[in-house]
Amino acid sequence: MDLSATPSRSKSRHRSTTSKPVASPAVAQMDLSTPSKPTPRRKPRAAAAASPVAPMSPATPSSVRRSRRLLETPTKAPSETPVKATPTPKRKRAAPSPKTPIQSEPKRQRQQPKPKKRAYYRKVVYDGGEFAAGDDVYVKRRESAESDAEDPEAEECRVCFSAGGAVMVECDVCLGGFHLRCVRPPLRRVPEGDWACPYCEAERAGKAIERPKPPEGKRIVRTAKEKLLSSDLWAARIESLWREQDGIFWAKVRWYIIPEETAAGRQPHNLRRELYRTNDLADIEMETIFRHCYVMSPKEFKDASDGGDDVFYCEYEYDIHWHNFKRLADIDDEPKTKEDPSDVPYNAGNDCVSDTDEDSEYDEEEGPTKCSSARRNQSHELAANLRKGRIYGLQKIGIRKIPEHVRCHQKTDLEKAKAALLLATLPKSLPCRDKEMEEISAFVKDAICNDQCLGRCLYIHGVPGTGKTMSVLAVMRRLRSELDSGNLRPYCFIEINGLKLASPENIYKVIYEQLNGHRVGWKKALHYLTEHFSGGTKIGIQANQPIILLIDELDLLLTRNQSVLYNILDWPTRPNSNLVIIGIANTMDLPEKLLPRISSRMGIQRLCFGPYNYRQLQEIITSRLKGIDAFEEQAIEFASRKVAAMSGDARRALEICRRAAEFADYRVKQSGHTSVNRGKNVVCMGDIEAAIQEVFQAPHIQVMKNCPKFGKIILVAMVHELYKSGLGEVMFDKLAATVLSWCHVNRELLPGYDTLLKICCKLGEGKIILCEEGTKHKLQKLQLNYPSDDVTFALKESPDLPWLSKYL
Amino acid sequence: MAAATSVASRAQAVLRGRLCDQAVVHAALRSSPDTNYSKLKYLVASSVSEACNNSVLLLGPRGCGKAAVVKMVLDDLKKEHPDAISVIRLNGMLHSDDNCAMKEIARQLCLEHQLSFSKMASSDDNTEFMIDMLRECGLAHKTIIFVLEEFDLFAQGKQRLLYSLLDAMQSLTSQAVVIGVSCRLDADQLLEKRVRSRFSHRKLLFVPSSVDSLQRLMDHLLTLSEDTPLPTKYVREYNARVTSIFSDKKFKGILNSLTDADATTSHILRFLFRVVSYMDMDSGLLSMQSFMNALSSMQRQPKMDSLQDLSILELYILVCMNRLEDKEHSSYNFTTIMKEYKSVQDAYKTSDKYSHTVCFRAFEHLLGRELISFADNRGRTLSLEYRPVKLLISSHELAQSLKLNTTCPAVLQKLLDRERYM
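For the protein sequence lines, the chains are A and B, in the order given.
In this text, residue positions in the first sequence follow full-length UniProt numbering: the first is 1, and each later residue adds one.
In this text, residue positions in the second sequence follow full-length UniProt numbering: the first is 1, and each later residue adds one.
Think of the hints as simulated: they come from the structure by calculation, not from any bench.
Note that this is a predicted model, so its numbers are computed, not measured.
A virtual CB, placed ideally from N, CA and C, is assigned to each residue, including glycine.
A couple of the hints might just be wrong.
If we take Cβ atoms under 8 Å as the criterion, some of the chain A residues that face chain B in the derived model are [to be verified]:
| id | residue |
| --- | --- |
| 1 | Asn270 |
| 2 | Ala383 |
| 3 | Pro403 |
| 4 | Ser563 |
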């Protein structure tokens, strides 16, 4: 079969395949699902040319179409069972040529495949186009007479109706193309920012204006983009490609959807070229694929200045079952768990060594099947918070309508600064930790690259907020990219946080699960792990790869007899353990606190992250705020100096700056948007001062100042009594007597004993004073929780009790 | 007559309804820009609209309206952004155990998003579920708001809950707000250093309001508006009366003596509720007398009251104990008291002579009323007579109650006074 044959696709051949008798169960499954899958997408518009694929789908109105799709998706699940049942596809898949299926090449396609095997490809040259997994393509929707053959690559100008020639500019409203010279008045160059054509401008202004009509006899040729946006074409993303044993190429695709087809309809904030990715997958024949298009994430879209006509924008995913939207996650934000199907992009890249390839493919296959098996038993008793249910339940979360403020809001500088200062935003660069990162990276590389991976340990310590975990993760990210480019031996990275474990022993369970994907009790896991590291039965797929174990908050693993730490630190010392441990904790002398046999195993390799000094803090903040003009120079310096003097905690410094930006933003917003004075819209010293005040100053003085009158008298009497007696605490009996005598002398109303007791208890609740429980009545012992100078300072000049100051 | 009564009771019901409705009580907060309400609302709203994480602590003595402000802010935001906010409420009294708090979070998240929940899930599962939910909700522009009441109780032990919550918030692109509510002023100092470093240190301080604003609040709450279903004539009459009371000098005194002890909003509300309950049901109007009654019922001294209605013998025992304490007996028990009692009887030859068993009954009664107590928890095996006891009321209180007690024999007072001035 010559696949790269004619550009005009012959429908008859394409259709006939479906009815072919089939042998293998795997194929049978495909055939079952294919007709039912794409059909719901057929639109009534094609009703006349009732598409040959859909014998059982009569023309359905579009609303029904949606519900049909809903109904049909679950049926896909049972039909997929054969895949899981048959052992064939998994291992043999790589067989056709040991040299890897990635080499894309036409010659390969001519090669006659062995029967009963599905060959998966990374890349297929088909019809003169090169298609790879992960590409976005147009998919033909109907087989009508119009248009499929004609595919204008160049768009025609809306005024002169001729394509090509000069530079064209696209209207951001109607998406029509215009020659620069055809626009009235003519444009010199492509304008910056949004541009609307004169016709759209006029329409917006409410004037009636006639658009130029095409010259007689000339048919308007619609581009693929226009067809897509008027739902005559589909767009889809190729997830995988394979060839059936009968030689026909298939692709699993993920559909894109245009805003009009969603439940929410087109929203005012939708861009013209916006698409939504759906979670609807289908298997289609390569026949139906039309040609490439380019669906880009917001960032790519912004960068692509003139990407051509087939560029689309996709920020959200649309769930076709629940009709809700969700932002697409950035790939590198996603944690890379083993079973996660989203791991594919990573695997797709590592094609350096042939033996890993098989592994990666194995994973790839594992992903979908697991997913589908989880889907299959998506009966309702599955709980979302149990592990098994997770894949199912979370799809439901999503927003019905994308809130307008998210899309339309033009961020001010202050808001941008706030976003940049968020702890969660990953900075583009990590300043000030180069030396440490160098060291970590050298350590890890050293450990990996040695063929004989000797067990090693690295202990990293430093106060909170000095970038310990972040540095290690950054190093690992860098190493991963090195691994992807093939310069490094593959390894396995496990990250564990001691404070997130329910109990120290659970760490065995977690490690085992990360290696193997199965869950067992911790005792069993310990047994398996010990065997694994001492050279017995290996766990998991990557049995021979070195394992890098990062344990954050290592000190939390301390148990009474320290057995957990002992076991973990003992593994690297075994021969052939292939284990590297990086431990992170706050205390400098953790090894010294441990039993000698553990600290000796921990080794001497240590790395200290000192607190940042003010220059470094300043650099960190300014590097985050690059390009945003929201802070005064001195303000940043002030904040970093202040934090460096207190703790050197970068988180603290960022939070203070963010808080200050919030103060400034609040001030600007309260005063109304009218303030033209630019200097006011910048974070100044005052804001930083207020933020620091809030963080560092305890609120007790404020509360003391606002105490009820008797509360103040009690506090002063207490200071007085404590001073007189020289003791640390005072009995309530004595205190009350003093208070009463003072009140008597100064002609205040005399409070009852019980009232005083109640006030004491209230002060005790706020921990201004420390007191025993109230049932002890007069035997209650009281203690000041703050230095008596604070009380003196707070109550020296209280307007309602002028006489109080003479007792201080 | 019957009509008037019904009007009065209806007015009472309206007023009580207003006093118990937090939204009415704190309505004044909405208008001004500098209150904690608007600050908190700005914080939460900015995290909803700008997709950022925040954690904030609300500190202040009990009864200052912390929880009420949180409730108002959340109600308002739920109205503004329906479908985009889910609230998880935890209370330190109930969920201070980390595992149980995690489970509760998972349960409420499931409930909020119509997912099915399993109580079998382990705490690791629940933690992972929470982190997944945080991420998914962040992607869907949904904000999760955690309200942790009695925040200080979460800051015990290893603080795993706070750590995993705050760590997830600073490492994921989620939008979540943690609102901690606590009456301990040093709540943020209780956090472990690595938790504190992740906490974003916004603090809002709630303090009791000033006398002026309290008076405004009272005015706002007690004045009936014209559009209530009550007769207009009555409403006018009632409002005129309330205004005249508020301008009275006596009222100022009442207000001052009330706020001298406790100036929190909840205290004032309790006071006003009593005022309304003391309303004159014939005329349906408030009078100065109802304010006075309410004040005196607010300033009850329970110990004095219980001293008032003790029997003579019990008073004798208390006085004897007081004499013993004055004589610097560090430790004494029932038998010592009986000895003292005997010596008093011998010296003054009073008629109030009771047998040993009757005295013991009275002694037990005093123990029950917690006017006296055992000195320590040791010696539980000892019989009651020999366990050391202590007096829980001061001699000052005792003397006052004897003075007020008309049936008390003069000897007793003399006994007490002699001790004091000797």
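message: Quick check on A:Ala383 please, does its C-beta sit within 8 Å of some C-beta on chain B?
response: With Cβ-Cβ at 3 Å, under 8 Å, it holds.
message: The hint names A:Ser563 as touching chain B; please verify it with the least Cβ-Cβ distance against 8 Å.
response: violated (19 Å)
- prompt: Hint check: is the beta carbon of A:Pro403 less than 8 Å from a beta carbon of chain B?
  reply: holds (6 Å)
task: Verify the interface restraint on A:Asn270: the C-beta must sit less than 8 Å from at least one C-beta of chain B.
output: Violated. Min distance 15 Å.
The structure shown violates the earlier hints numbered 1, 4.
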